[in-house]
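Trainee: Heads up: the sequence lines are chains D and S, in that order. Note that the numbering used here has the first sequence beginning at 13, numbered continuously upward. Note that the numbering used here has the second sequence beginning at 383, numbered continuously upward.
If you're looking for bench data, these hints aren't it; they were derived computationally from the structure. C-beta atoms are modelled at their ideal positions from N, C-alpha and C, and glycine is treated no differently. Any given hint could be a false lead.
Stated by the list, open to error - Once the Cα atoms are required to be at most 25 angstroms apart in a straight line, the calculated SDA-like pairs of lysine to any residue come out as:
{"id": "1", "chain 1": "S", "residue 1": "409", "chain 2": "D", "residue 2": "263"}
{"id": "2", "chain 1": "S", "residue 1": "397", "chain 2": "D", "residue 2": "298"}
{"id": "3", "chain 1": "S", "residue 1": "397", "chain 2": "S", "residue 2": "475"}
{"id": "4", "chain 1": "S", "residue 1": "409", "chain 2": "D", "residue 2": "349"}
{"id": "5", "chain 1": "S", "residue 1": "413", "chain 2": "D", "residue 2": "352"}
{"id": "6", "chain 1": "D", "residue 1": "293", "chain 2": "S", "residue 2": "608"}
{"id": "7", "chain 1": "S", "residue 1": "411", "chain 2": "D", "residue 2": "252"}
{"id": "8", "chain 1": "S", "residue 1": "578", "chain 2": "S", "residue 2": "539"}
Unchecked claim - Quick list of simulated restraints, FRET-style, between CB atoms:
{"id": "9", "chain 1": "D", "residue 1": "88", "chain 2": "S", "residue 2": "417", "range": "23 to 33 angstroms"}
{"id": "10", "chain 1": "S", "residue 1": "399", "chain 2": "D", "residue 2": "147", "range": "33 to 43 angstroms"}
{"id": "11", "chain 1": "S", "residue 1": "605", "chain 2": "D", "residue 2": "217", "range": "34 to 44 angstroms"}
{"id": "12", "chain 1": "S", "residue 1": "404", "chain 2": "D", "residue 2": "171", "range": "29 to 39 angstroms"}
{"id": "13", "chain 1": "S", "residue 1": "442", "chain 2": "D", "residue 2": "47", "range": "34 to 44 angstroms"}
{"id": "14", "chain 1": "D", "residue 1": "88", "chain 2": "S", "residue 2": "556", "range": "47 to 57 angstroms"}
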Amino acid sequence: MTYDSDLLIIGGGLNGPAMALAAAHAGLSATVIDAQPAAGLLRDDFDGRAYALALSSVRMLRALGLWDELAQHAQPMLEIKVSDGRAGEGPLMPFFLHFDHGEIEEGPMGHMMEDRFLRRALNAAMQKSGAITVLNGETVTEQNTTSGHAEVTLASGRQLRARLLVGADGRKSGTASRAGIGRIGWDYGQTALVCAIQHDLPHNGVAHQFFMPPGPLAILPLPGNRSSIVWSETHETAQRFMGLDDAAFLQMLRPRFGDFLGDISLAGQRFSYPLGLTVAKAFAAANLALVGDAAHGMHPIAGQGLNAGLRDVAALAHVLRDARHCGEDIGSIAVLERYQQWRRFDTATLSLTTDLTNKLFSNDNPLLRAVRGIGMGAVNALPALRRGLMREAAGLTGDLPALMRG
Amino acid sequence: MQTAQSTVDPAEVAKFEAMAAEWWDPKGKFKPLHMLNPCRLSYITRQIAAEFNRDLQQDLPFQGLRLLDIGCGGGLLAEPMARLGATVVGADAAERNIPVARVHAQQSGLEIDYRHTTAEALAAAGEQFDVVLNMEVVEHVADPLAYLTACQQLLKPGGLMVCSTINRNAKSFAMAIIGAEYVMRWLPKGTHEWNKFITPDELFDLIRNAGLAPVDRKGFVFNPITWQWALSDRDLSVNYVTASIKEAPTA
């Protein structure tokens, strides 16, 4: 049997390229198939999208040889402040959580990174690797993983065969649905508004998360006097705000934001993402594995979406590397079941925690507000608990895949 | 007009394919072997790599090595060894396993020489190997010393034998027979006879008497929390594995 490559990865966003690079690092070859034309992926103007990379994700990017290039564009998150707020009252309430990176030895809890830099670094590394082929502007029309290997037919008519098909094609994963893997999940009734802003005063590397009754507002520091905003509102309100022009949009944002960073203006475009939990009923089958949102799309409340996806990638690469060293068939269910077991537990914990956090905080009930205040005060008073939460947010808890051990 | 008759009976092939599927189903009849397999493979591959100075990062690291898998069953060890580049002979005393293993190797695109034979018969025929895998067999044979002597004869000077078995004590009785055969029903009742189990010291003595030099032993320990097997330097109380060398004669 001849194979075009060991892995066939569907989806060229962030997890797909990361999977290809992690596979190459493990001595395996990969073909990445992406519907987008190549030009769109390499745009270098700032479009307003950015990610909070947990320390574990940074370690992984370093292990894959990308961090030297990326570090110059990264904004370390030195402190995280979490507070309970109500629109119009300003963000600084008496009770808030304060996480300072000086309290854990591992350093900053994470780094903010703009989408354009991450995307370009991943693509440049794929171009450089002799083990990776990228096919842009291609979609899968047919797939078969039932005959002991993975075969796909592309819209161009081209046929490819590999040992393992990896679905990195997002919340509505076609790879999962073609394989007959169902999904469970629910809608949160919220839409996230995402944009970047320019502000007069420096942020000093502090990230803020305000829990407002309609949904959380995160202000995450970017290099310079800029911050990334993730602002959740009910679907109706979000739709209304997206319809506003930039000036009117800022008028709505200002009272929620407060004035601690001085005057604000928009930098880049505005995006909106309806929020919901979606989990695939299986993360793996014979000759098939799902990573990132294709396996589990969660509420981005703690910025854990990309980090959880990279953790899938690192865990799958770890399992495949060990299997390769042992001479096992990397597409066999015996091997892929190890990946599924490893990730399903972590994912269930994280999805439930973020879901409950959101339900607890997106509520204006005075009793719940009091409970939240006491809870936050308790976390502040207990350094061990605080350090535990910081390590969790930094992705340093649980059984770490080799690429994330640093 | 008469057409040429194929000697292959399609019904037989279908039967063997079904049996192969059963052997290779990680949740099926051979589940305990599948659960133990990553741990066994990890030990075997590292011992071979160390003894023959091979780099597991490379493709086909075991190229050029001739390997015998005794008691090959459906090929759970033989196939990975062939995938790593070894020239593999799989031997099984149970005739029914041979066509099953062959069918699966073909499905996997691997070339493996499966034979219905025994270690003693291969030794008598003068066959020689760099590596002999002797996994979970010695506790089933009538005369362990005669059997291990045949294994010794099968090795080239400088060759490596990996041998795993089950310890004999109250814990192994509880785990391997009551646990695996009666409670979990992982294995058919009567798979093991406890009095045939061998302690690590007894096995090392047998190996030495057979003319081999033991170089390493480790335990396979089952963790009921993670539901996985792991290698242990200290705990050889139930399942354990050993590596021995046939020393090259000194000039």
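Trainee: State for each hint whether it applies.
Mentor: Structure-based check of each hint:
Restraint check for residue 409 of chain S and residue 263 of chain D: the C-alpha separation of about 59 angstroms exceeds 25 angstroms, so the hint is violated. Taking the CA atoms of residue 397 of chain S and residue 298 of chain D, the gap is near 22 angstroms; set against the 25 angstroms cutoff, the hint holds. This hinted pair checks out: residue 397 of chain S and residue 475 of chain S have alpha carbons roughly 20 angstroms apart, not beyond 25 angstroms. Of the supplied pair hints, the one linking residue 409 of chain S and residue 349 of chain D holds, its CA atoms being roughly 10 angstroms apart against a limit of 25 angstroms.
Of the supplied pair hints, the one linking residue 413 of chain S and residue 352 of chain D holds, its CA atoms being roughly 17 angstroms apart against a limit of 25 angstroms. Among the hinted pairs, residue 293 of chain D with residue 608 of chain S is consistent with the structure: their alpha-carbon atoms are about 21 angstroms apart, no more than 25 angstroms. Taking the CA atoms of residue 411 of chain S and residue 252 of chain D, the gap is near 59 angstroms; set against the 25 angstroms cutoff, the hint is violated. With a CA separation close to 30 angstroms, the supplied pair residue 578 of chain S and residue 539 of chain S exceeds the 25 angstroms bound.
Separated by about 43 angstroms at the C-beta atoms, residue 88 of chain D and residue 417 of chain S break the suggested range of 23 to 33 angstroms. Distance hint check: the CB atoms of residue 399 of chain S and residue 147 of chain D are about 34 angstroms apart, consistent with the given range 33 to 43 angstroms. With their beta carbons about 42 angstroms apart, residue 605 of chain S and residue 217 of chain D fall inside the hinted range of 34 to 44 angstroms. For residue 404 of chain S and residue 171 of chain D, the hinted distance range of 29 to 39 angstroms is satisfied, since their beta carbons lie about 31 angstroms from each other.
Against the hinted window of 34 to 44 angstroms, the Cβ-Cβ separation of residue 442 of chain S and residue 47 of chain D comes to about 36 angstroms, which satisfies the hint. Taking the beta carbon of each, residue 88 of chain D and residue 556 of chain S are about 54 angstroms apart, inside 47 to 57 angstroms as hinted.
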